[in-house]
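Visitor: We have chain U already, so just place chain A on it with the hints.
So the sequence lines, in the order shown, correspond to chains U and A.
Anchor point for the first sequence: position 32 equals 32 in full-length UniProt numbering, and the numbering is continuous, going up by one each time.
Anchor point for the second sequence: position 225 equals 225 in full-length UniProt numbering, and the numbering is continuous, going up by one each time.
It is worth saying that the hints were derived from the structure and are not from the lab.
Certain hints may be false.
Said to hold, decoys possible - Once the Cα atoms are required to be at most 25 Å apart in a straight line, the calculated DSS-like pairs of lysine-lysine come out as:
(1) A:Lys238 with A:Lys191
(2) A:Lys70 with A:Lys124
(3) U:Lys32 with A:Lys124
(4) U:Lys66 with A:Lys238
(5) U:Lys66 with A:Lys370
(6) A:Lys404 with A:Lys422
(7) A:Lys305 with U:Lys32
(8) A:Lys422 with A:Lys21
(9) U:Lys32 with A:Lys70
(10) A:Lys156 with A:Lys438
(11) A:Lys255 with A:Lys238
(12) A:Lys81 with A:Lys97
(13) A:Lys404 with A:Lys136
(14) U:Lys66 with A:Lys136
(15) A:Lys419 with A:Lys56
(16) A:Lys217 with A:Lys422
(17) A:Lys81 with A:Lys217
(18) A:Lys56 with A:Lys81
What the hints assert, rightly or not - Quick list of simulated restraints, FRET-style, between CB atoms:
(19) A:Gln410 with U:Lys66: 40 to 48 Å
(20) A:Arg439 with U:Glu25: 47 to 55 Å
(21) A:Leu76 with U:Val63: 32 to 40 Å
(22) A:Thr143 with U:Val63: 30 to 38 Å
(23) U:Glu80 with A:Thr143: 26 to 34 Å
(24) A:Lys255 with U:Asn34: 28 to 36 Å
Note that the coordinates shown come from a computational prediction; the quantities given were computed from them, not determined experimentally.
Even glycine gets a Cβ: it sits at the ideal position worked out from N, Cα and C.
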Amino acid sequence: MSGVTITFVEPDGTEKIIEDAVVGESLMNVAKDNGVEGIWGDCGGGCACGTCHVYVDEKWQDVVGKPDDIEEMTLDMVTEAQQDNSRLCCQIQVSPELDGVRLTVVPAE
Amino acid sequence: MTTQETQAPTSSGCPFTGRQKVALEETSLTDPIIQANPRDFYWTMRTEDPVHYDEKLGMWLVTRYDDIVKVLREPLLFSDKQGYEAQYASGFFEEFKQILESQGGGYFPDVIKSDPPEHTRIRKLMDGAFSAHRVKTLEPGITRIIADLVDQIADKADKGEVIDGVREFAIPLTISVICEQLGIDQFNGEKISRWSEAITAQIGRMQNREEMVENAKEICDLQNFITEQMQDREVDPKEDMISDLVHAELDDGSKLTFGEAVSLVRALIIAGNDTTATAITNLLLILATQPELAQELYDNVEDDKYLNRFVEELLRFAPPVRGLAKMATEDTELGGQQLPKGAHLLVMYASGNDDEEKFECPRQFDMGRKNLGSHVAFGVGVHRCIGASLARMEIKVAAKELIKKVHNIQLTVPVAELKYQKTVATHAIEALPITFTKR
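For reference, chain U alone in the conformation it holds in the complex:
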């Protein structure tokens, strides 16, 4: 099947549109493979570092879903930037339902 389209809004406002995201891949890997600014993913997707923080666009929140308890704990370490629509994108897998999703990168440090 054809790829899924994902839009990342980088910290300087640039929109990076990725049209060939592969189903099952984590959004953090998609971002890193496409050089999205501000997504570091230091811990390699282990939900341990908080360096792949994104805000999910309001209309996509239900589709993307909420963080689980473990992700919530890691997000709690970045409370200065944490919002209701915060997610760590290493914990979100590309799926057909996410086609068109828009995420805003929250820079770490």
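Guide: What follows is chain A alone, placed relative to chain U:
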């Protein structure tokens, strides 16, 4: 070293003031007084000379939070591999290598201390084993190990005996946890502790030749032990990390070489051992010296969010790793300082965590900080500590089990008399004599 009374400029409103300036040109990180109490030295460098050349050490000390992050975010400009090699067994490397080759099966460079893309190949293999979700599944087993240890020391302390928090709690705790992970069911904790110290000493810059020879022999012993364990898994695979590594196939279809596998098992045994033990020692120290904090911890012991924040602030407040080496791969500029190609840097994580430009009132233990997770105790970038989730879990469970079962934790010596390991790499208390009573 001379000191003069100087009020810290950022002290407004902070309960902890009174940083004292240190005469930088007369001071080295290798000085015993600085080793024990380095914070005024860090603060003076951050204020006056943030990328400071330590003549005795022959290294540039990177002390400001922002510069630390900048270095760690540029792994090709600031090479971990070259910095580490220049640090390793410094002054005695050839002799050290020769001992390992003749008595320890070979000299196997640390594969984790490589630069991208080689590093990426290895890191990807290891990431899954240490994810927060995997570590969560280990919580019951870790709790069992720690609860047993707490019971043992609590019985002893209840009879009025003095406990060494390092040798009787922190070190056996971390060794038991990592051995369980690796699948080493028969082990000698004393030996593993000696091996850990021998390895850490190679990047500590403080060993003399005699100590190097002793340490090299310990490392030979460690490598021979690892080789036996690997050979066992080669013929008889088990459900453990050593088996996983022996039989691992990497993303690119390659397998680990024998030397790579030995170096990885060695790193797994050592890396999360001394450092996490130091964090747990620091936990005991803070509970002994800040009784109101110990009470607050007790009052919140069933609140997982509280415990997580407590652990994170403990790591910011007292990071086990003091400084690790990097090397500039070309002429560059950092924090206003020109650095030549080949400049050997020591990234002072402990100074970054104490930087008042990043952390308001840094000497205050404040788990309500909004930027709690920005500390650099685990590093930043491609070499960020892979075992962070496991370390956090061990510290959290230690705090929980301990505070539930004991109280009135007290140091039996003044804080000023605590001795620290001789090394620029970590800031580790050697012995922590404490007493306490069962609840």
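Visitor: Report the numbers of all earlier hints that the structure fails to satisfy, in ascending order.
Guide: 4, 6 and 7
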